[in-house]
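Quick note, the sequences are listed as chains A and G, same order. Note that my numbering numbers the first sequence so that position 173 is 178, with each residue one more than the last. Note that my numbering numbers the second sequence so that position 157 is 177, with each residue one more than the last.
Keep in mind that the hints were calculated from the coordinates and are not lab data. Worth double-checking, as some hints may not be accurate.
[As the list claims (entries may be wrong)] Restricting the straight-line Cα-Cα distance to at most 20 Å, the calculated cross-link-like pairs of lysine to aspartate or glutamate (EDC-like) are:
1) G:Lys85 x G:Glu49
2) G:Lys205 x A:Asp126
3) A:Lys77 x A:Asp126
4) G:Lys62 x A:Glu144
5) G:Lys85 x G:Asp95
6) G:Lys90 x G:Glu53
7) A:Lys49 x A:Glu61
8) G:Lys137 x G:Glu61
9) A:Lys49 x G:Asp152
10) G:Lys205 x G:Glu61
11) A:Lys199 x G:Asp183
12) G:Lys137 x G:Asp99
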Amino acid sequence: MTDNADDLRRWRLPRGRHGLPRELVARSQRERLLAAVVRVTAAKGYEGMSVADILEQAGVGRQSFYELFADKRDCLLAAHDVLVDDLEATVAVALEGPQPWPERVRATLAAVLDWFAANPDATRVTLVELAAIGPIARERFQDSFHRFTTLLDEGLDAPQVPAELPNITSLAAGTALARIYEETVWGRTSDLPKLLPELTFELLVPFVGEDVARSTADGEVT
Amino acid sequence: MQKQGSFDSDRGVLDPTVPLDIGARSQRERIVEAMIEICAEKSFAATTIADIVGRASISRTTFYKHFVDKRACFDATLDLCVNELRSVAGTSHDATDPPAEAVRKGTVAVLELLAAKPALAQVALGEAVTVDPAIVERYRDLLLPALEGRWLSAGESLRGSSDPRIAFGRLQILFFDQLAGGRVKQLPELRPEIVYIAVLPFAGHEEALRQARLAATEMSSDAGD
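Turn these sequences into a full structure, and let the hints guide you.
Rendered as C-alpha cells:
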C-alpha cells in the first residue's frame, strides 16, 4: 500500500526534470513535508498517521524524506519548531510599540488569537497532538512556553509586577494558553478572536487590578 | 495520622483481633504504592504488570485478585491520590476560618504534600492526564465547586469578576510546566501565585493579593494547626 503511494508520487513528480539546484529542491521538499505533516497529523492524529501519509500529502518520495528526517516524529518536531518560531515572531512584533503596556498586551493577544484562528491545523498539532509523541513533547512545550514568558517579562515595566507575585508572567501566559487549548480541543479555533476582551481582562487583572483590566479589555483608551 | 485510604473502611473497626483482610489490605496498598512509583519513573504506558508485581513483591495471581487489569489498578491508585490531596486540604484549616484564609491554607498544604511526594504529584497531575484526558474536567468539577462552596457556605457574596475556569486553566498550565521541568519539589515556592489564582475568582484582586502576601510570609509546613 505504501509502495503504491510512492509509485504514484514518482509518476507525478519525476525526479531530475525540474532543473533546480539540489539544495533548493531539498528546501522546498522540506517545506512541503513540514506542511504535510501538520495537515496529516491534524486530520488523523499522531498515532494514526504514517510516513506514507506525509509523503502522499507532500508529493515527495520516501528516499527524500529519509534524507531529511529520521522518522515521522522527527518531521513533526521540525514542523512544530517552525510554527513556534513563527508565532514567537508574531508576538514579538505585536508587543513592540509606543502604547502603554496594557494596550500592547491587548494588541499582542489579538495577534496571537488571529494566528491560531488562521492556522487551525497548526494549532491542533502544536497544542494537542504534540503531546502524543512522548516525553520529548514536554521539553518542547517547556522551551516554547518559556520563550513566551520571557517575551512578556522583557516587555514589562518594573512597577507593573506586584511585589506579591514574582512569577506573574507564568500566570499571564498560562491564561491565554489554557483557554486557547480548550477551544482547540472543542474544535472552535476559528472563533478564538472573539475571546479577545475576555482574555485581555483575565491576563491583565493580576498586573493592574480589575478596573484597569476591564477598561483596557473594552478598548477604552484613557 | 489519618487513615491511609478509602477502601475496606467498613471492616473490623470494633474488632479487637486482627481483621481477616489485613493481608489483603497491605497487598493492595503495596500494589498501589508500586503503581505510583513505577508510573512516575517510566510513565503509565511503559508500566507492565510484571513491573508492579515485582516491585510490590506479590504474585501475578494476587494482582488479578485485586484488579482486573493495569488500567483498573491505575484508576484505583488515582482515587487514592485524589483522596489524599482532598484530605490534606480539608484538615489544613479551622472550620471558623474565613473562606479566603481556608483556601490559602488548603492550597499551601496541597502544594507541600505534592512537593513531599513527587511521585504522587507526577501520577495525579501528569500521568493521569495522559491516561485519560477527560480527567482534567473531573478535576475541574471537583475543585471549582469546592472552592466556591467556601464562600457560599460562609454566607459571603462572591466578589471576583475573573472566571473560575480561567483560574483552573492557569493552574493546569502552571502545574504542567512545573512537572515537565522536574520542579515538583519547588512547587511551594509558587504558593503566592497559586494562592492568588485560587482566591481571585471568588474574592477579587485585592483580597487575592492579600492572601498571596500571607502565603509568601508563612513558614513552610502546616504549622498553622
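Run the distance test for Lys62 (chain G) versus Glu144 (chain A): straight-line Cα separation, threshold 20 Å.
At roughly 16 Å apart (the allowed maximum being 20 Å), Glu144 (chain A) and Lys62 (chain G) satisfy the hint.
Next pair to validate is Lys77 (chain A) with Asp126 (chain A); report whether the Cα-Cα distance is within 20 Å.
holds, 17 Å
Holds or violated: Lys49 (chain A) and Asp152 (chain G), Cα atoms, limit 20 Å.
Measuring from Cα to Cα gives roughly 19 Å; hence the hint holds.
Hinted pair Lys85 (chain G) and Asp95 (chain G), Cα distance within 20 Å
The given pair, whose Cα atoms are some 16 Å apart, holds under the 20 Å limit.
Please verify whether Lys137 (chain G) and Asp99 (chain G) have alpha carbons no more than 20 Å apart.
Distance of about 16 Å is within 20 Å: holds.
Tell me if the straight-line CA distance from Lys199 (chain A) to Asp183 (chain G) falls inside 20 Å.
holds, 16 Å
Mind checking the alpha carbons of Lys85 (chain G) and Glu49 (chain G) for me, to see if they're no more than 20 Å apart?
holds, 13 Å
Within 20 Å, alpha carbon to alpha carbon, are Lys49 (chain A) and Glu61 (chain A)?
Between Lys49 (chain A) and Glu61 (chain A) the Cα gap is close to 14 Å, so the pair holds against 20 Å.
Is it true that the CA of Lys90 (chain G) sits at most 20 Å from the CA of Glu53 (chain G)?
Judged against 20 Å, a Cα distance of about 14 Å means the pair holds.
Going straight from one Cα to the other, do Lys137 (chain G) and Glu61 (chain G) come out at no more than 20 Å?
Status holds; Cα separation ~13 Å.
Restraint check for Lys205 (chain G) with Glu61 (chain G), where alpha carbons must lie at most 20 Å apart:
holds, 15 Å
Run the distance test for Lys205 (chain G) versus Asp126 (chain A): straight-line Cα separation, threshold 20 Å.
violated, 36 Å
Hint 2 from the list above is the single one not met by this structure.
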